[in-house]
Amino acid sequence: MTQVSMENVSKYFDDGETVANYRLNLEVEEGEFLVFLGPSGCGKTTALRLIAGLEEPSEGAIYFDGQRVDRWSPSDRNVAMVFQNYALYPHMSVAENVAYPLKIQGVPPDDRDQRIEEVLRFLHIEAQASKSPAELSGGQRQRVALARAIVREPSVFLLDEPLSNLDAKLRQEMRSELKRLQDELEITTIYVTHNQEEAMSMADRVVVMNRGTIRQIAPPEELYSRPRTEWVARFIGSPPMNLLRGTRQNGSIAFGEAGSVDIGETTVGGLETVPRGDVSLGVRPEDISIATERPASTTAIAGTVDTVEPLGEYTVVNVAVGDQIVNAKVPTTSVERDDPVYLTFDDADAYLYDENGELLT
Amino acid sequence: MSLRDHIDGLEADRDTASGIDREKAVAIVIFLVPGLTLFGIFSVGPIVYSAVGSFFSWDGFSMESFVGLDNWIRTFADPLIIHWDNIARWRFPMGALTQNLLWVVLHVPISTLLGLGMAVLFADLKGRRILRSMVFLGFTTPTIIIGLVLMFIYDPQAGIFNELLRVIGLEGSVRNWTQSPQVAIYALIAGGIWVQTGFNMLLYSSALAAIDPSVIESAKVDGAGRWRRFWDIVWPLVRPVTAVVVIMGIIWVMRVFDIVYAAGGSAGGPNHSYSVLGIEVYRAAFEPPIDYGKAMVVALIQLVIVAPLALYIARMD
Amino acid sequence: MTNDEPHTSREPTAKSDGGATEQYIPLDAVPESAPRPDLDWGTRIAAAVPSMPRLLKYAIAIAVAVLWIVPFLGLFMASFRPLGEILAGWWHVEGMTITFENYRRAWSYQTAPMGRALFNTLVVTVPAVLVVMLLGAMAAYPFARFEFPLKTMLFFFILLVMAAPPELVAMGNYNTLREIGLFDSYMGLILVHIGWGLGWVVLFLRNYLLGIPEELEEAARIDGASRYQIFRTIILPLSTPALVSVAVIQFTWVWNAFFFPLVFMRSPELYLAPQVLPLMTGRIQVEWGLVAAGSVMTMAVPVFLFLMLERYYKQGMVAAVTD
Numbered sequence: 001m002t003q004v005s006m007e008n009v010s011k012y013f014d015d016g017e018t019v020a021n022y023r024l025n026l027e028v029e030e031g032e033f034l035v036f037l038g039p040s041g042c043g044k045t046t047a048l049r050l051i052a053g054l055e056e057p058s059e060g061a062i063y064f065d066g067q068r069v070d071r072w073s074p075s076d077r078n079v080a081m082v083f084q085n086y087a088l089y090p091h092m093s094v095a096e097n098v099a100y101p102l103k104i105q106g107v108p109p110d111d112r113d114q115r116i117e118e119v120l121r122f123l124h125i126e127a128q129a130s131k132s133p134a135e136l137s138g139g140q141r142q143r144v145a146l147a148r149a150i151v152r153e154p155s156v157f158l159l160d161e162p163l164s165n166l167d168a169k170l171r172q173e174m175r176s177e178l179k180r181l182q183d184e185l186e187i188t189t190i191y192v193t194h195n196q197e198e199a200m201s202m203a204d205r206v207v208v209m210n211r212g213t214i215r216q217i218a219p220p221e222e223l224y225s226r227p228r229t230e231w232v233a234r235f236i237g238s239p240p241m242n243l244l245r246g247t248r249q250n251g252s253i254a255f256g257e258a259g260s261v262d263i264g265e266t267t268v269g270g271l272e273t274v275p276r277g278d279v280s281l282g283v284r285p286e287d288i289s290i291a292t293e294r295p296a297s298t299t300a301i302a303g304t305v306d307t308v309e310p311l312g313e314y315t316v317v318n319v320a321v322g323d324q325i326v327n328a329k330v331p332t333t334s335v336e337r338d339d340p341v342y343l344t345f346d347d348a349d350a351y352l353y354d355e356n357g358e359l360l361t
Numbered sequence: 001m002s003l004r005d006h007i008d009g010l011e012a013d014r015d016t017a018s019g020i021d022r023e024k025a026v027a028i029v030i031f032l033v034p035g036l037t038l039f040g041i042f043s044v045g046p047i048v049y050s051a052v053g054s055f056f057s058w059d060g061f062s063m064e065s066f067v068g069l070d071n072w073i074r075t076f077a078d079p080l081i082i083h084w085d086n087i088a089r090w091r092f093p094m095g096a097l098t099q100n101l102l103w104v105v106l107h108v109p110i111s112t113l114l115g116l117g118m119a120v121l122f123a124d125l126k127g128r129r130i131l132r133s134m135v136f137l138g139f140t141t142p143t144i145i146i147g148l149v150l151m152f153i154y155d156p157q158a159g160i161f162n163e164l165l166r167v168i169g170l171e172g173s174v175r176n177w178t179q180s181p182q183v184a185i186y187a188l189i190a191g192g193i194w195v196q197t198g199f200n201m202l203l204y205s206s207a208l209a210a211i212d213p214s215v216i217e218s219a220k221v222d223g224a225g226r227w228r229r230f231w232d233i234v235w236p237l238v239r240p241v242t243a244v245v246v247i248m249g250i251i252w253v254m255r256v257f258d259i260v261y262a263a264g265g266s267a268g269g270p271n272h273s274y275s276v277l278g279i280e281v282y283r284a285a286f287e288p289p290i291d292y293g294k295a296m297v298v299a300l301i302q303l304v305i306v307a308p309l310a311l312y313i314a315r316m317d
Numbered sequence: 001m002t003n004d005e006p007h008t009s010r011e012p013t014a015k016s017d018g019g020a021t022e023q024y025i026p027l028d029a030v031p032e033s034a035p036r037p038d039l040d041w042g043t044r045i046a047a048a049v050p051s052m053p054r055l056l057k058y059a060i061a062i063a064v065a066v067l068w069i070v071p072f073l074g075l076f077m078a079s080f081r082p083l084g085e086i087l088a089g090w091w092h093v094e095g096m097t098i099t100f101e102n103y104r105r106a107w108s109y110q111t112a113p114m115g116r117a118l119f120n121t122l123v124v125t126v127p128a129v130l131v132v133m134l135l136g137a138m139a140a141y142p143f144a145r146f147e148f149p150l151k152t153m154l155f156f157f158i159l160l161v162m163a164a165p166p167e168l169v170a171m172g173n174y175n176t177l178r179e180i181g182l183f184d185s186y187m188g189l190i191l192v193h194i195g196w197g198l199g200w201v202v203l204f205l206r207n208y209l210l211g212i213p214e215e216l217e218e219a220a221r222i223d224g225a226s227r228y229q230i231f232r233t234i235i236l237p238l239s240t241p242a243l244v245s246v247a248v249i250q251f252t253w254v255w256n257a258f259f260f261p262l263v264f265m266r267s268p269e270l271y272l273a274p275q276v277l278p279l280m281t282g283r284i285q286v287e288w289g290l291v292a293a294g295s296v297m298t299m300a301v302p303v304f305l306f307l308m309l310e311r312y313y314k315q316g317m318v319a320a321v322t323d
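Residue numbers (our numbering), protein chains in the order written: chain X, 1 to 361; chain R, 1 to 317; chain A, 1 to 323.
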């Protein structure tokens with residue numbers, strides 16, 4: 001088990017023309033399952049490659065257990081990596097693929113064979129041992145890549161979008177299997193994905209990245225319940241959080257024709273601390289109720305039903321509020337298109353973000 | 001629907017079906033015939049003609065009578081093709097076939113290794129396109145010019161190779177390399193290697209470029225150093241191309257003509273000392289005394305050596 | 001960690017090395033390109049120079065590439081210098097005389113003027129390339145799409161011809177051309193080149209056509225196009241990259257060919273450029289300047305074509321031999 005930390009790590013490409021990562025600060029605890037989550041091009045894969053040693057940081061330092069490693073080659077770091085396309089050696093059989101890292105480490109053949117057998121059995125691919133990668137299904141290749149990574153008992157386990165090439169059903173299966181694997185092996189694991197469901201379901205903590213920087217590091221529940229910026233709020237959750245632009249005036253927030261809401265206690269405290277000016281009010285679709293009559297509560301926003309999407313488990317109602325659309329996720333509803341409705345929510349479920357998109361506290 | 005109608009319907013179906021077939025057949029013929037006619041007359045025909053003609057006696061350019069294996073036996077006994085006495089003493093000329101095979105033995109492995117080496121050397125350098133084009137330049141040049149350039153390099157006065165020998169203090173070795181019977185063939189083979197290396201490098205470069213970079217990175221993460229990465233990953237993945245490189249090299253060498261002609265004319269050097277099979281075909285067929293029978297046999301020997309290799313490449317697909 | 005914990009728990013934590021580290025950086029603080037610290041030139045140069053082993057690799061690579069073109073460099077230099085200077089060594093550059101005399105003499109070389117020879121080469125090459133492209137594409141289409149009798153046997157013949165040395169067809173073609181009266185004529189040589197080139201072109205284009213989805217043709221058929229229209233409007237336009245490859249490679253081969261002209265062109269006024277060059281070497285002292293000037297003129301065309309269409313040339317070469 002190894003603890004990994006990054007200090008002010010930046011990575012530039014093309015002679016500095018491209019900024020891939022900018023001042024990453026991060027600590028990964030021993031045995032932690034950490035997920036880098038972000039849209040494509042946000043620099044999450046580069047961050048992983050920096051930890052693997054496939055790239056050298058342009059600035060900053062990377063530590064493994066307090067030892068500075070950022071000039072070390074990958075082979076000196078004892079990391080294992082699963083690539084997005086698995087990167088199985090096409091000219092070697094499954095068993096040879098798994099044997100390769102051990103062979104390089106100079107593990108004696110008998111010991112090697114035993115460990116390969118164990119790991120193949122552990123991942124249920126012992127029957128494929130003598131096949132070539134080309135003969136395997138996507139899921140089997142995935143398992144071989146995993147087997148090759150864990151067989152050498154690495155100190156850090158790195159995975160780059162390992163499930164993105166699998167179909168939906170298999171992805172679900174592998175997700176829980178990976179989680180089980182990590183629980184049993186207790187290897188420090190860093191996992192890169194653009195799929196929030198994957199991140200939320202597997203991670204101990206999630207690192208949300210955008211434009212080469214870390215936007216938030218938090219456990220999944222906190223990420224959901226306390227998104228630090230408007231951007232993170234919109235990125236996490238499905239459908240994403242509603243953000244209504246309004247103006248803060250004397251203890252209430254005005255939304256033009258749609259009315260205004262008085263907010264007592266938001267998720268992060270009283271409104272007194274909020275400065276005057278433009279703010280965004282964030283409410284998750286699942287925290288919104290729909291009423292056809294104006295409710296007594298003062299936190300009600302008027303709108304017109306735009307579309308209704310019954311999804312079985314729940315129904316998504318899209319409500320036009322001024323020139324914005326607000327999603328509400330409700331169990332059932334009788335409203336129809338063009339019905340005038342009122343949206344209500346608990347003060348405690350509301351978030352306020354300032355002009356810079358930072359959560360107001 | 002009456003039975004009559006039903007039968008009429010069936011016939012109508014059959015008519016349209018055969019109509020499509022006929023239309024398709026006509027189209028195939030129209031597409032194929034012009035090309036295949038020329039291909040047949042000017043390529044396949046002459047090969048068959050030579051194959052048949054090699055068993056006949058010839059009077060100048062016209063076929064006379066069937067003589068069985070006469071031409072073949074005569075050709076293999078011809079010291080211009082195989083000179084057993086000189087082979088035993090390792091003196092040139094050893095016969096065109098022997099000399100041609102000597103080309104294969106030296107040229108093919110050396111140019112293959114050099115091609116691979118350069119492909120690997122240039123693979124990750126900036127400006128590799130320019131470097132590769134510089135090495136490849138010789139392959140786009142007419143081979144007759146390659147031959148003339150070789151004569152120029154090896155010229156006793158104007159040649160840079162001899163100048164190089166003088167600079168490093170080997171004045172004694174200065175000579176007109178392409179006209180010295182015992183060494184000229186090696187000088188020409190060096191020229192062949194010079195040209196073919198570019199082509200081999202091109203094939204290996206494209207094989208290297210086809211390797212998934214994450215496989216190499218994976219080996220890095222697995223702890224493999226530079227050498228292990230080459231021998232365990234890169235080489236096994238480019239090895240299949242080696243078969244192509246070697247076979248193309250053999251085909252190229254078995255056809256070599258222009259370089260030898262430029263340096264040694266239709267005699268293939270002083271006393272035929274570096275003649276090759278192509279030169280022998282030319283002399284037998286087009287310089288008096290005309291011996292079509294022998295020319296055909298020698299050209300067929302060239303084909304027989306190479307054809308199985310070409311079929312092997314085609315089968316690999 | 002739960003919601004109840006104070007949110008300050010993830011606040012910036014100061015790090016040991018004293019440098020300012022913040023957990024979260026505002027997005028607008030991210031620069032568009034790498035910040036350039038004000039370094040003195042020494043440091044900057046040191047950072048820009050690659051490491052020693054890499055430098056050595058560059059040195060070797062450049063040395064090898066230069067070594068490989070030295071012969072051509074010599075040829076080029078010689079073409080602009082008088083014979084006296086060439087015999088003294090073209091690598092001596094001090095006091096160099098540059099003259100176009102060699103080019104002038106080669107252009108009007110008495111046995112066969114290069115001007116005329118280059119024209120002859122062009123007259124033979126252009127039709128030989130264009131016709132091979134057209135007939136090759138036509139023949140490749142059924143090979144890629146349809147089953148027909150004798151297909152396997154035709155394949156075998158194509159491979160056989162690709163392996164055969166040009167010497168093997170010389171005798172038969174010599175007699176054929178004599179019989180039909182095309183010996184020692186442009187047309188005769190063009191026909192021989194077409195017949196010789198068709199084999200590889202058909203195979204090459206067939207492999208390319210196999211990669212074009214058949215659905216495109218089916219869609220066109222449903223739209224009512226005939227097979228000829230499909231060929232003209234779908235197949236030919238989609239094969240453009242392959243046809244360009246065929247054009248450059250076939251052009252260089254026909255242009256560079258020496259053996260076929262040597263056998264089939266006998267009148268000096270019909271000589272092709274590669275054929276003239278060995279004649280220039282003369283009997284006693286080789287006229288290096290003349291040979292060099294003639295060679296530079298002859299090779300300029302294929303080399304220029306290669307440099308212009310390098311990508312197609314290389315792709316075509318690789319595909320032709322490794323398919």
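A hint or two may mislead.
Below, a list of computed lysine-lysine pairs in the PhoX-like style, where the Cα atoms sit at most 20 Å apart [said to hold, decoys possible]: (1) 179/X - 169/X; (2) 57/A - 126/R; (3) 57/A - 24/R.
Just so you know, the hints here were simulated from the structure itself, not pulled from any lab data.
Could you work out which earlier hints the structure fails to respect and list their numbers in ascending sequence?
3
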